[in-house]
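So the sequence lines, in the order shown, correspond to chains A and B.
For the first sequence, position 161 matches number 1073 in the working numbering, and the numbering has no gaps at all.
For the second sequence, position 230 matches number 1142 in the working numbering, and the numbering has no gaps at all.
Accuracy of the hints is not assured; some may be wrong.
For identical chains, the list gives no copy identity; a pair is met inside one copy or between any two copies.
Derived lysine to any residue pairs resembling SDA-like cross-links, with alpha carbons at most 25 angstroms apart [claimed, not checked]:
id, residue 1, residue 2
1, Lys960, Arg1184
2, Lys1203, Leu1084
3, Lys1069, Phe1234
4, Lys1069, His1232
Worth flagging that the hints you see were computed from the coordinates, not collected in a lab.
There are 2 protein chains.
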Amino acid sequence: MTMNDTFLKACRAEPTDYTPIWMMRQAGRYLPEYQKVRGKVTFLELCKSPELCVEVTLQPIDILHMDAAILFSDILIPMEAMGLRLEFHEGKGPVFPDTVRDKAAVDSLMIPEPNETMGFVMETIKLLRKELKVPLIGFAGAPFTCATYLIEGGSSKVFWETKKMMFTAPELFHKLMQKITACTSAYLVAQAHAGAQALQIFDSWAGILAPCDFREFALPYVKRIIADLQPTKLPIIYFANNGATLLDYSVDSGADVIGLDWRINIGDAIRRVGNKAVQGNIDPFALLLPKDKLRARIKRLLEDATDAKGHIFNLGHGIHQFTPPEQAKIAVDAVHELSQR
Amino acid sequence: MTMNDTFLKACRAEPTDYTPIWMMRQAGRYLPEYQKVRGKVTFLELCKSPELCVEVTLQPIDILHMDAAILFSDILIPMEAMGLRLEFHEGKGPVFPDTVRDKAAVDSLMIPEPNETMGFVMETIKLLRKELKVPLIGFAGAPFTCATYLIEGGSSKVFWETKKMMFTAPELFHKLMQKITACTSAYLVAQAHAGAQALQIFDSWAGILAPCDFREFALPYVKRIIADLQPTKLPIIYFANNGATLLDYSVDSGADVIGLDWRINIGDAIRRVGNKAVQGNIDPFALLLPKDKLRARIKRLLEDATDAKGHIFNLGHGIHQFTPPEQAKIAVDAVHELSQR
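Isolated chain A (complex conformation):
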């Protein structure tokens, strides 16, 4: 089977015939085909059913012609495997009923053996590799982002409990981060062994940290994971959401590709990341623009990214559930057409 390896070339900053594109959350609620599958099972059941995960992972490749697939899963799956009860409440998102806020809670976390506890993920990867003609991205949450969910007990607006632990019990916070890091490294190595061809680390909440705190409390653990992944030789994408002021640190993480949210001009970002490849970064809501304006914005973004050592087109955040799929298709076609060398 011939593989479209444009995405992998861009990750490695090698020349490509055009700019590859995929979209964060591309297997998701904006697709009626996804909704149909999701209607039959709960979100967690879906995450743990390899056949269904394969089906929804393939949908955006087949329908929208993305240049890469990303494993359908959730960043909190390995946190559940550490021994925590994880629930998804409709309209509220993930909930950990037992928050991790003291030494006893941190001590009781296990470092799971990924193939034993998350075999369904590895099975999904193996099945996908048989079907896919584009590269498969595996992923995990960054330790800081995962820690916020455990400490807050779910999503948060202000992350009071997380910062309270950081600022008043830093040793406990670091201990929690070490355990999550060990779990995450093993989990990503297992994904690589199962067949993932690139790995993305999602630091969705890195942007709530002052640069000095990011350097002290979050970056060392991202670096540790990326160092642990070196033997896999896979390209690593690090995406620190809302991380414009953390770019120098993102580069320092050792990642091959720097993910960018939509808040920064991509040309400015490229000047700062030097010879790293970049991934991003159109505002996901700009997909609502009328066709001519959407194409014009994509053209400008591609021009701004001309000097990138490698560029993977993406949204600056996950695609929103109310986005019409035909608008996403306009974007994919525009990137393919307008970026032809």
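Since chain A is already given, all that's left is putting chain B on it; use the hints.
This is chain B only, laid out in the frame that chain A set:
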């Protein structure tokens, strides 16, 4: 009555004996003295009672020795004066039951005469000026931030409706912005005439915009207001929250002082804003640090800000309701002590 004008000197980039400090939301829920007043009335009743507004505005000056007072009010008061029903729901924040999403809703908005419709604000300012020995800051929300509340019908996590209007009905969006801008300019001019000695424009949600969209949809209206305020000769502070990538535009707004959130190193920001004064920018949650670490962090921030043309110490966002007041006091004392020239 002798006035401590250190804050005003710093705004104007004149030399000061020490770095002045105030905190966003300094008259607020973290103070038991505030809670006591607030317990007697609703939030909106409080905003409309000049005597009570004076009382809570003075509290942080008397208790914590801040170098500036900020009028107690809410950025949405003038939006109510434009003819919209405004409610504050416990735990949910502001709600506009009638959202502004179509031409009819935009057309029906009035440009209020501030002294007629918001006389209670002007009365508060006049009363405060008789009591205060530090400068009084008046304020308003920036048009973009105000618009998000009207369009969304309150607070939002993702601002789907706001961006939908921006991207699919830009003319309507600009018309709404023009009306809010006219209202805001008149409101701030009236505050100046009533006795405000500096004016801050809060752009709490500017940071959800890509730089190109900020420039097109938000910045022109901030510039318009600041131009309208020139005859007052008051120093203008513009605070674009989460606006690290918008700094060049913030400078271009014409403001005298650039507010900074905590996500950027203040030294990096100062290098970018050139000869403007800056205000900020410690993480509000860092007030939880043990005394020695809090003082060390403040010392470092003051050192990083050495090259500022003027520096007003502040938090990078409003003080959180669970902050112990004694921790805020440690910060105020540390800034006063450690910044002595």
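### Query
Hint numbers the structure violates, sorted upward?
Violated: hint 1 alone.
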